[in-house]
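Combine the two chains into a complex, taking the hints into account.
Now for the letters of each chain:
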Amino acid sequence: MTSPKNDHDSLLIKGGHLIDPAARTDAPMDLLLKSGRVAEIAPPNKIKGGADEKLDARGLVVAPGFIDLHVHLREPGQAYKETIATGTAAAAAGGFTSVCTMPNTVPVVDSVEWIEWLRQPERGALVNVFAIAAATRGSKGATLSDFRALQTAGAVAVTDDGKPILDDNIMREALALGGELNFPVVQHAEDTRMTEGCSMHAGARSFRLGLRGMTAAAEASVVERDVQLAMHIPNARLHVAHLSTADALKSVRRGKRAKARVTCEVTPHHFTLTDEDMRDYDSNYKMNPPLRSPSDREAILVAIADGTVDAIATDHAPHATHEKQMEFERAAFGITGLETALALAITRLHREKRVPLSRIVELFTAGPARCFDLRGRGSLVRGSVADVTIFDPKKKWTFEAVNSLSKSRNTPFDGWQLTGKVVATIVGGRVVYAG
Amino acid sequence: MNPARGSLLGIEHLEAAEIMKILKFARRMNPDKPRPLLRGKRVLLLFYEASTRTRSSFEIAAKSLGAHTVLIQAMGSSIEKGESLLDTGYTVRAVGADIIVIRHPNAGAPYVMAQHVDVPVINAGDGLHEHPSQALLDAYTILHNKKSFKGLQVAIVGDIFHSRVARSACHLLSKFGVRIILCGPPELAPGIAATLAPGVRVTRHIEDALRGTDVIMLLRVQTERLAGLKIDLAEYIARYQMNPARLKMAKKDAIVMHPGPIIRGLELTSEVADGAQARILEEVRNGVPTRMAILARAIGKMR
Ligand SMILES: [Zn+2]
Chain A
106 MTSPKNDHDS
116 LLIKGGHLID
126 PAARTDAPMD
136 LLLKSGRVAE
146 IAPPNKIKGG
156 ADEKLDARGL
166 VVAPGFIDLH
176 VHLREPGQAY
186 KETIATGTAA
196 AAAGGFTSVC
206 TMPNTVPVVD
216 SVEWIEWLRQ
226 PERGALVNVF
236 AIAAATRGSK
246 GATLSDFRAL
256 QTAGAVAVTD
266 DGKPILDDNI
276 MREALALGGE
286 LNFPVVQHAE
296 DTRMTEGCSM
306 HAGARSFRLG
316 LRGMTAAAEA
326 SVVERDVQLA
336 MHIPNARLHV
346 AHLSTADALK
356 SVRRGKRAKA
366 RVTCEVTPHH
376 FTLTDEDMRD
386 YDSNYKMNPP
396 LRSPSDREAI
406 LVAIADGTVD
416 AIATDHAPHA
426 THEKQMEFER
436 AAFGITGLET
446 ALALAITRLH
456 REKRVPLSRI
466 VELFTAGPAR
476 CFDLRGRGSL
486 VRGSVADVTI
496 FDPKKKWTFE
506 AVNSLSKSRN
516 TPFDGWQLTG
526 KVVATIVGGR
536 VVYAG
Chain B
7 MNPARGSLLG
17 IEHLEAAEIM
27 KILKFARRMN
37 PDKPRPLLRG
47 KRVLLLFYEA
57 STRTRSSFEI
67 AAKSLGAHTV
77 LIQAMGSSIE
87 KGESLLDTGY
97 TVRAVGADII
107 VIRHPNAGAP
117 YVMAQHVDVP
127 VINAGDGLHE
137 HPSQALLDAY
147 TILHNKKSFK
157 GLQVAIVGDI
167 FHSRVARSAC
177 HLLSKFGVRI
187 ILCGPPELAP
197 GIAATLAPGV
207 RVTRHIEDAL
217 RGTDVIMLLR
227 VQTERLAGLK
237 IDLAEYIARY
247 QMNPARLKMA
257 KKDAIVMHPG
267 PIIRGLELTS
277 EVADGAQARI
287 LEEVRNGVPT
297 RMAILARAIG
307 KMR
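First to last, the protein sequences are chains A and B.
Just so you know, we're using the numbering used here here: the first sequence kicks off at 106 and counts up by one.
Just so you know, we're using the numbering used here here: the second sequence kicks off at 7 and counts up by one.
Next up, chain B with everything else stripped away, as it sits in the complex (with noise of 0.2 Å):
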């Protein structure tokens, strides 16, 4: 069947208009005043991976909004003993839960629940593919900074090919007429990425991706998803890494963002992480509105 109403499956496949609704609506959401807009529902978190900010992020969002939230982690759990995704899915549903934010280490598991339980599902990140929420807090956070997309240019810098933050936010940020610069080594910025949308191409030189750049992205070199992936981090360093130095060649008035957690001493330095430029922390703290409106809408309290 098709996914219920309101889910949020991805970046990619989002009509501009309704991201813009969305962010519109995540200005008026704040955490300190609760509106009980989800009074009653039961938000089932569903996580198969790891999570710290995401997780409490959609928690504290989803209590701010009324909900009763409840944590469903691989571990300790029955996934663990091997109940399938669906399996799990049904049962949940059965419980009574109203919306389901899924966490998977495998890409599309969301759109696999989403044809199969009736309610909203949203994607908290899956696999390699996609981060919407992510990518909705960062549009956040540039237009709090920039004011607007037009004749933006974005420089991502990093683990393109194992990044799902990377791919939604190219998804994003073309809809909108930004120039996105991805920019690492082919093996993790492979050229194939320039296809995943209107106004992307990829470098690989840094001075390249920063030269006239608003926003800059770093992303973490994910280590454990290399699979075989020779990387020389001292090499990866030398060429890539976001020194003080480096930021200058980019706008003077640009801003740094990295969806975390950040390695301090890898794909930045900490002058760049702690610097005036840098809004890593306020991507954290717009992670809240923005997931406020994502789970009204999944409702139909978008309104």
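With the rest of the complex left out, here is chain A (with noise of 0.2 Å):
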């Protein structure tokens, strides 16, 4: 798929300033990628011999590349909204060198075929993309996918995204068979019984405006829930996706204390946004789990600094532009966020909160490739896969949706100004993008 050609087979990225998480590595470091791996790592100019390639790192932060965890790429059915070649030519722009796709397309992945329909080389991948398959059988709630098939054919997890697994017993036998067989299950924690016809976070604001609010508690109970069968259950392994209140946060910490296996991811959107920033019903600003209120947000800005947040993944949701320019209540959820996470990391979180870049580049790395032991990935050791993102972390400039590699643009921060962009993005060795 992304296998380098033979007569670009090593690269030698010099002269930039290394931050690998999971190495400890925060130096001015040269590194030698060879046949799709990393083949050397040493100071300044201490590499000898030649490189068919090099890449002048100098003032750039050189680390692994990016891993998103939630994106959804509209494939199978949904092309009009994105498709595999489109969402990750847009990822690359981000600096995303893995991106997990979700399942909830049309059909919905829960099946051995559509795993492999994904990986087909006709896709047009321009990074790696790895399958969440359903949880539930069409994603309907009611019986379990086939697990072990499924991660058998190259599946990170199982989640019924978009919507919640609410059965108690369903979400118990997840976490169990899950467990045994060391397979994640991401829950999208919503408890829909209380948030039909909701379209923002329920607070002062939607009040206001005269939308139904989805309470913090609709979340924050399913989370709470799922920690506590997390607990209880051997090896269960629980993600929960797009945490986005105070609460859930308390039951996350408590599951981690507990030591059991349980991770969670946090959006771009949902760190720098809240239900405040809403204007004249612009329908780019909503999405679910909605953007909540101002002590949510600050509550994330904690946990992303104390290590209870393990990655930033976007939840990339495109929407054409029919589906998202009417009513906000009929509007679809979801925004896009591929290409301006990382920007949005370093503006809020570094520039503005001094979360340490090191911080950054681990929530986007090393975090995510443990949450779904995506192996020889989130880390730039010797040996390990040659997936490597490069940024200028001082860089300012301006998100114009317009320019958006994605089919949709449906974005809250079009014409934004930021700080951090991506330089170039390499997969396998080889440059799949260069800003």
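Keep in mind that the hints were calculated from the coordinates and are not lab data.
Note that the structure is a prediction, hence the values are computed from the model and not measured.
Treat each hint with caution, since some may be false.
Some chain A residues near chain B, calculated using beta-carbon distances under 8 Å [claimed, not checked]:
1) E218
2) F252
3) A309
4) D385
5) E434
6) F438
Here are the in silico distance ranges between beta carbons for each label pair [unchecked claim]:
7) Q522(A) to S62(B): 45 to 53 Å
8) P212(A) to A56(B): 48 to 56 Å
9) W222(A) to E24(B): 56 to 64 Å
10) E505(A) to H74(B): 37 to 45 Å
11) E86(B) to E285(A): 48 to 56 Å
12) R245(B) to E505(A): 33 to 41 Å
13) D273(A) to D238(B): 29 to 37 Å
14) R309(B) to R459(A): 55 to 63 Å
Far from chain B, some chain A residues (derived; all Cβ distances over 10 Å) [to be verified]:
15) R313
16) G315
17) H427
18) D478
C-beta: ideal position from N, C-alpha, C; glycine also.
This is how it looks when you write it as structure tokens:
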């Protein structure tokens, strides 16, 4: 899929500052990539011998390739929103060398056949695509899908994302079987019995706007139940998707303290925006989970800094214009996010909240790699896969949605001035994006 | 794009001075003495939700100003066939609409329309959000009875949560320093409603709401919008229904208002609805001159 051509078999990245949290490296280092692997890492100018190509990384950060645990590539079935080709092009532009694609497609990816279909070269993937399979047949929440077969076919986790796994017994079974197979169960935590007809967070703002609101409890109650289950089922692996509330974080902390295998991701929009930010019923501020209260965002920022959060994931959710430009309550949930994630993290977390760059890199690399056991990725030790992201942490730029490589334009960040830009994205030793 | 000048999307972002201007102009409007301020103009009434009084009131107001009116209702139009809000907007603009009056079950629909169509858009009620023309005609009615907003206390009793009338009224009255007391059970009058505007508070006790009150605004329990909320109507009646005994708790010269439709025997008794303090039909009458002012303002003729 992305194997280097013979004539560009080796690439020397020179003069950069390597941040590899898993290897505890945060220093000037040169990096030699060869035959799709990391061949050598050494202090500046210490790598002897030539390379087919050289990349000047002076003034830049060199990091393990970024991993996004949560994207909607919309294939099969919804190519009018996004395709694997366009979605992974946007991913490459955002510095992601690996993305995990969600199964809420048409049809739902709940079989080995569709997992294999996703991996076919005809899909035109520019970066690594890992499949997350449906946890239940058709994501209907009634019977578990064939975890064993799906895992063997290459799925890295299961989920019914877009919907929660609500039924107690089904969730218990999923965690139990996942525990046996060392297979993470990803939960979209939303008690949909409490959120019918809701289109934003329940609070002063939703009351003012006359929009029915999703309570924080609708998320937190499901996370609490799941953490309780994970604490009592041997080896169960629970991953909480797009966690957005302070109360849900409390449950995750409790689970982690009890040594349960509980991980969680947060999105750039949840650490950047709150429910106060939506203006004039702009549906580019409509997503699920919704933008929460300022105190929820504060709690997320604390959890990012203190290590409770394992990964930043975009929940990249492209939609066509006609699905968004309409009545707020009827518009589709979701926003795009692949191309703005790093810049939002640097702008909001690093520059404003003083989160160290190494922690941000960890949330894009080693953290997500651990959540789903993506072996050989998330770190640049010798012998690991030559997935590399090179970025300029100081570069100021303006994100223009019209220039997005995604097929869709549904983002609240159009026209935002941001700091931090991807300069090169390297997958398996091959440059797939150069900014 | 920005909404066209003259649009009326809500009360929240309207300045007090502008509100007074509309109310003053409304006082000069009289449907029995037509003024051709809108002669040759086309007013499109786009109604996605059933309405008797608001629709007919806008229609009479527009005609009294010499405009042509066209009524499009969701039922039996291309809307029913699945045409989007914006496509309907583009279509009625292409047909030659000069003003669009829109009533819609979704909050914010008039905003979406106004951002894409280059004619003034008037919100005739959007979901649970706002009902600006109702708030203006209620303000007109209050001023007619109380001369000034100064020192007034207004109690709004009933289903606040589902009421766009309540939201618009709170915004409007708050801009003039009126003390506003919202009253009802927690499901219908949630505590968060107090954050709507300065001077708004919430109480569960009807006596507390009525003591010293100059204006009582009653709201219907919108059973069709409850969406799963369980409200015991008998208990509601026992605790909140406006009857002659309760009315006595308010100021002697208090007036009773209701945006309609009223449900006798639920939020109020017939004695109250038909009593000397009721201003319910006066509100309906005041709707026409108020909406004449709103329409004249829409095309810059409010001078
Ligand atoms: Zn989700």
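Hints not upheld, ascending by number
1, 2, 6, 8, 12, 15, 16 and 17
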